[in-house]
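*Asks:* Chain D is fixed; fit chains Y, Z and F with the ligands onto it per the hints.
Line by line, the protein sequences give chains D, Y, Z and F. With positions in the first sequence counted from 1, the corresponding number in the numbering used here is that position plus 37. With positions in the second sequence counted from 1, the corresponding number in the numbering used here is that position plus 37. With positions in the third sequence counted from 1, the corresponding number in the numbering used here is that position plus 87. With positions in the fourth sequence counted from 1, the corresponding number in the numbering used here is that position plus 87.
Be careful, since some hints might not be right.
Label-pair restraints from in silico Cβ distances [said to hold, decoys possible]:
1) Glu-358/Y <-> Glu-57/D: 50 to 60 Å
2) Glu-346/Z <-> Arg-313/F: 35 to 45 Å
3) Phe-365/F <-> Pro-86/D: 51 to 61 Å
Heads up, simulated DSSO-like pairs for lysine-lysine below, C-alpha to C-alpha not over 27 Å straight-line [what the hints assert, rightly or not]:
4) Lys-355/Y <-> Lys-341/Y
5) Lys-222/F <-> Lys-87/Y
6) Lys-355/Y <-> Lys-278/D
Far from chain D, some chain Y residues (derived; all Cβ distances over 12 Å) [as the list claims (entries may be wrong)]:
7) Ala-39
8) Arg-56
9) Glu-57
10) His-175
11) Arg-233
12) Ala-259
No lab work stands behind these hints, which were simulated from the structure alone. Backbone N, C-alpha and C define an ideal beta-carbon position, used for all residues, glycine too.
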Amino acid sequence: MAVMSYADAAKLAVAEAMREDDRVWCVGEDLGRGGVFKQYTGLVEEFGPKRISDAPISEAAIMGAAFGAAMVGTRPIVEMRFADFALCATDELVNQIAKARFMFGGQSRAPMVIRKPMGMWRSSAAQHSQSLEGWYAHIPGLVVCCPATPQDNYAMMRAAIACDDPVVYLEHKNIWALEGEVDTSLRGEFGKARLRRSGGDVTIVSWSDTANVAEAAAGALADRGIAAEVIDLISLWPWDKRAVLDSVRKTGRLIVAHEAVAVGGFGAEVVATVAQSGARLSAPPVRLGAPRSLVSYAPNLEDKLRVTAAMIAEAADKMMEAEPA
Amino acid sequence: MAVMSYADAAKLAVAEAMREDDRVWCVGEDLGRGGVFKQYTGLVEEFGPKRISDAPISEAAIMGAAFGAAMVGTRPIVEMRFADFALCATDELVNQIAKARFMFGGQSRAPMVIRKPMGMWRSSAAQHSQSLEGWYAHIPGLVVCCPATPQDNYAMMRAAIACDDPVVYLEHKNIWALEGEVDTSLRGEFGKARLRRSGGDVTIVSWSDTANVAEAAAGALADRGIAAEVIDLISLWPWDKRAVLDSVRKTGRLIVAHEAVAVGGFGAEVVATVAQSGARLSAPPVRLGAPRSLVSYAPNLEDKLRVTAAMIAEAADKMMEAEPA
Amino acid sequence: MSLRNFDTRAGLARLILMERIRAFEETARRAAVEEGLVLGAIHLSIGQEAVAVGLIESLRRDDYITSTHRGHGHTLAKGADPQAMMKELLGRAGGCCGGKGGSMHIADFGVGMLGANGVVSANITIAAGAAHGVKLLGGDQVVVCFFGDGAANRGPFLEGLNWAGVFDLPILFVCEDNRYSASTLTAAMTSGNVAGRARALGLRVTEIDGNDVEELAQVAAEITARIRETGQPEFLHALTYRLDGHTYFDPATYRPEGEAERMRAERDPIARQRELLFEAGLSVAELNTVREAARDEMAAALEAARAAPWPDEASVFDDVQDVGSPAMEAF
Amino acid sequence: MSLRNFDTRAGLARLILMERIRAFEETARRAAVEEGLVLGAIHLSIGQEAVAVGLIESLRRDDYITSTHRGHGHTLAKGADPQAMMKELLGRAGGCCGGKGGSMHIADFGVGMLGANGVVSANITIAAGAAHGVKLLGGDQVVVCFFGDGAANRGPFLEGLNWAGVFDLPILFVCEDNRYSASTLTAAMTSGNVAGRARALGLRVTEIDGNDVEELAQVAAEITARIRETGQPEFLHALTYRLDGHTYFDPATYRPEGEAERMRAERDPIARQRELLFEAGLSVAELNTVREAARDEMAAALEAARAAPWPDEASVFDDVQDVGSPAMEAF
Ligand SMILES: Cc1ncc(C[n+]2csc(CCOP(=O)(O)OP(=O)(O)O)c2C)c(N)n1
Ligand SMILES: Cc1ncc(C[n+]2csc(CCOP(=O)(O)OP(=O)(O)O)c2C)c(N)n1
Ligand SMILES: [Mg+2]
Ligand SMILES: [Mg+2]
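Here chain D stands alone, though its shape is the one from the complex (with noise of 0.2 Å):
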């Protein structure tokens, strides 16, 4: 097994997806330079510009024109560089690309991954540094995908490209340079959570960079004597409920973090399918997200905003010393 990049492992899986498959190609700014996260590069060197194509600042353009070569049947990537410029393109995906198979009666598919890194990377404030993975798991037609780890880049970005669907792909732009070890031979399976770490105590569901966190969280509570079970849905559309229903069977406690907007964001859903199973738990299940408030350049207020490993730990704490009910 090699050790790679969480970009890199992404690089490597379009790069043997687009040796396989003539069909298979990529779209997006400055992708002939290596793209702005430098995801891209040498790709052009080895598949030319027609295949990792640059394109305009038109991101409606982009992901309308990557749809259109998609019905007639190429199978594109598309990058939409940081996934706040994705809504230049909303109307393109949402009104478009996610419904075009169902309207249309079958006759259309839209097998493309749109990648959009996501999430805060230092002092980009507002306008870069958005994670809205639930506004996607809320719209039919999409298959929602958050990587947390170079594996899963690698093989979840296998899994996307192989899609008949379209593939709402989240990098989290803070983990680019993650390295981590690949197995090139596994691919991923959407609706497939990964066990990050198994405990009896508490479940800690996440995804994304959080679900790193959660993982050191986990760590921390295991120095003083609380198991926590972390599971990393990596995909949220769909989302591996049975795995984490089992889990809070077992630990009787819940808490879900993850980076967006507390308010309306996935946690709530993962929260209430908890509440609606019935599963008894012993405290009061437990959401962690950023407040409604908005990202800032400076980093003592972005930080505000940051679930931290300390919250999730703390949270966890409070449960477990909470009366079961």
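*Replies:* Only chains Y, Z and F with the ligands this time, still in chain D's reference frame:
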């Protein structure tokens, strides 16, 4: 008190506010001929084409330009025609309008009412039927309002125009013609729910046209001896947590019903909030919303996505039968 | 159009297709107004049939088109089955979209009709992308993208035309200029003009009378042949007129007194084509037969649609997505 | 620029302002590279100072401008306080946006600077709207909207210019064409050209050397006076060059060998203005004094910023919204 339609109630509120404040103006496609749903009929005759302004088919410019005009001191009412088309202006709403005041350190305001007619309207199919209120509740900087009755469409529209924050104002297309008494001395208050019916057995939380459906369900339930309390949230941000928590504490049973897709919808926020509150429930909460599929043109398929009074009543029946926990 | 070089057979075929489009829409309108059989809003292209017919004639079956909310004519001209279309308008099983889309999402991928669109201008980038896909796959198809005058005021017009110019794509953009955007006179909401914008975006532009099917057919044949040859995008501005309201229930009172009547009298493309064929020797009876045949065909389509069942309810969960299909969820 | 009609005092004022902008950015870059004091990405307008200076000179304090991610020059030229700006770049209390926005959201509403923008092209419709607001309120202000060559490929370019043309708004759109969109040569991704697009959108267009501050100032004075008079929108295309990378950490290796060096040697607007002033009689020492003063001013701004505290943490909940403010929520 006058009896008027939901559409006319909002029109009256707009007209009154325009008479009182010269800075208020409306802009959108076809407004000079009354707008596509006749919500503006007659206004151009009174206020002229500058203040009831037509617009090119340019949702991004309608939203962006209204924002610019708000920044220099006007108070625009923006008409998006269908909530679906507002997706063409997502960057303008979410990255610009919602964030500017904060990003600029409080230097600017965006006192805007952004009208987005929402929801299913017989055989309008997938691109003219969406309910995305949950999206906007997730976005810091936005107020979100979904009135369900003529009275509330009057009173909340007055409040929205008076508000110094951007208000996403979602009127339901299905009830433009719904008539009701309107007390024009009333002004709405964001974050204050309306108790549509009181009862001690089960709490039904809803908003927009589904609140009307919920009220009908409560009527049917009353006939068979079940006293449902119906809470119409009216605004989703802020939302009246207190009213919901107090009611659930009383009834011990919670149903949340809305027209939007259940997965990732705002119903999850309500259920999660109640679960986190530690309120004791005698049955697991229930969320009713559309399945994660698309709105069809064929009425029988369209109906498969609707939350009906019968469904709500049935959920309440089941809850009442369940063994208390 | 003069009679010199007039090909009577081809001209008759054009009339037949225009009559079929008109009959389809008049039948659908009647079914909507009188019987409430057509369920949603339908946007009729009555008066604009020549654009669809003249343009699409030069396309191969495997060429692609995209359309707008006003797409019946384009769809029929591309070769779709009117029965399947009528079923779609009635929301029935057997509709070309299974009853899920209706008029505004009419599509027939089997004949290269990649869909009408309920969002104005959205089909422009999609069409450019279809042409991009053709080029990537090494195909020789041409894409024709139809849109209205109002659509030229949305961003995708600029982004889509620029895209086609930058990537040298085999596409013809057709602005079907009927002067109105719903109830709004488009000129009042347009700075500069549409053809000029296309020119400034680097495309070769042709301006044409959109109610003269003969000229349209001839010019379209030249243009599409050139596009197939060069792979370069072009733009056609066709001036036409919407004889009906924006939707079938729009009385269109916003139009200047007498305008529609004058247009109907002077510029109806079907009347013009009938005259031409009459001058070329066809009898009124022969011409009327064409019309009757079209009406009969569409009446039969309506009967078939009326008799068709509603879609299977289970299909509401089909064709959403493979992964995470709602069919697998319990609700 | 010839010396005929050259106004030495005005020319010197222009040099001073250009030097101040350059010194501000060089100081900020040093603070970023050497000390990590500037926190986020900053986009420098080094080499493009003449556009900001020449254009904004003709504006009143109550006129408005909007800018882009590359907005330091425009903001300083409009009269913002460099200390407050530097504090903003360092994310400190006292920054013009309270440390919340940083370089990409720099703004000073007090001098009519309505904000930089992190989304390319988004400021175009906003600026059109500001002009719309001015007109509705009966004011006589002019709005100047700055954007880059790359921004002309996004939809808001079309929608915003059309809006201004349709509503007859007092706005000047300024395309500050530095030839690049990040690492991409804009021409390679542009079909037609920007000035032609503006013309086709019905605006009066002027094309100008964006590195000649004297000509810019003269032409801008004429244009803004005309806009104030007529209330009609106009467009200015200013050809310039970005001497640095896209961001301060971009080595810009994608540029042809020697291009930047040649541009720096031949077209640097500050060097040109210094030469002109020298020919007009100023000494090198006098010119150097201008530069030193600018550098001293910005060094002091940096010191003040360095010494400033971080923003009060409670402010993270301020200025989100009045109704439903997060400050009232318990988290
Ligand atoms: C983005 C968007 N905005 C508004 C509408 C509502 N709408 C439907 S058709 C139409 C007029 C379109 O005019 P034009 O493009 O000229 O086409 P025509 O109807 O004349 O064929 C409008 C405004 C829409 N469908 N999509
Ligand atoms: C909508 C959007 N897409 C992409 C970006 C990323 N981006 C920031 S600056 C830039 C290049 C802009 O080029 P141009 O408009 O010419 O301005 P310049 O940087 O040359 O001043 C890009 C692509 C963005 N900020 N917003
Ligand atoms: Mg039209
Ligand atoms: Mg540039």
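*Asks:* Confirm or reject each hint.
*Replies:* The hints, checked one at a time:
1. Glu-358/Y <-> Glu-57/D: 50 to 60 Å: holds (56 Å)
2. Glu-346/Z <-> Arg-313/F: 35 to 45 Å: Since the Cβ atoms of Glu-346/Z and Arg-313/F sit about 37 Å apart, the hinted range of 35 to 45 Å holds.
3. Phe-365/F <-> Pro-86/D: 51 to 61 Å: Roughly 46 Å apart at Cβ, these two residues miss the hinted range, so it is violated.
4. Lys-355/Y <-> Lys-341/Y: holds (21 Å)
5. Lys-222/F <-> Lys-87/Y: holds (10 Å)
6. Lys-355/Y <-> Lys-278/D: Holds, because 23 Å separates the two Cα atoms, which is no more than 27 Å.
7. Ala-39: Since the minimum Cβ distance to chain D is about 36 Å, Ala-39/Y lies beyond 12 Å and the statement holds.
8. Arg-56: holds (35 Å)
9. Glu-57: holds (31 Å)
10. His-175: Check fails; 3 Å does not lie beyond 12 Å.
11. Arg-233: Since the minimum Cβ distance to chain D is about 22 Å, Arg-233/Y lies beyond 12 Å and the statement holds.
12. Ala-259: holds (25 Å)
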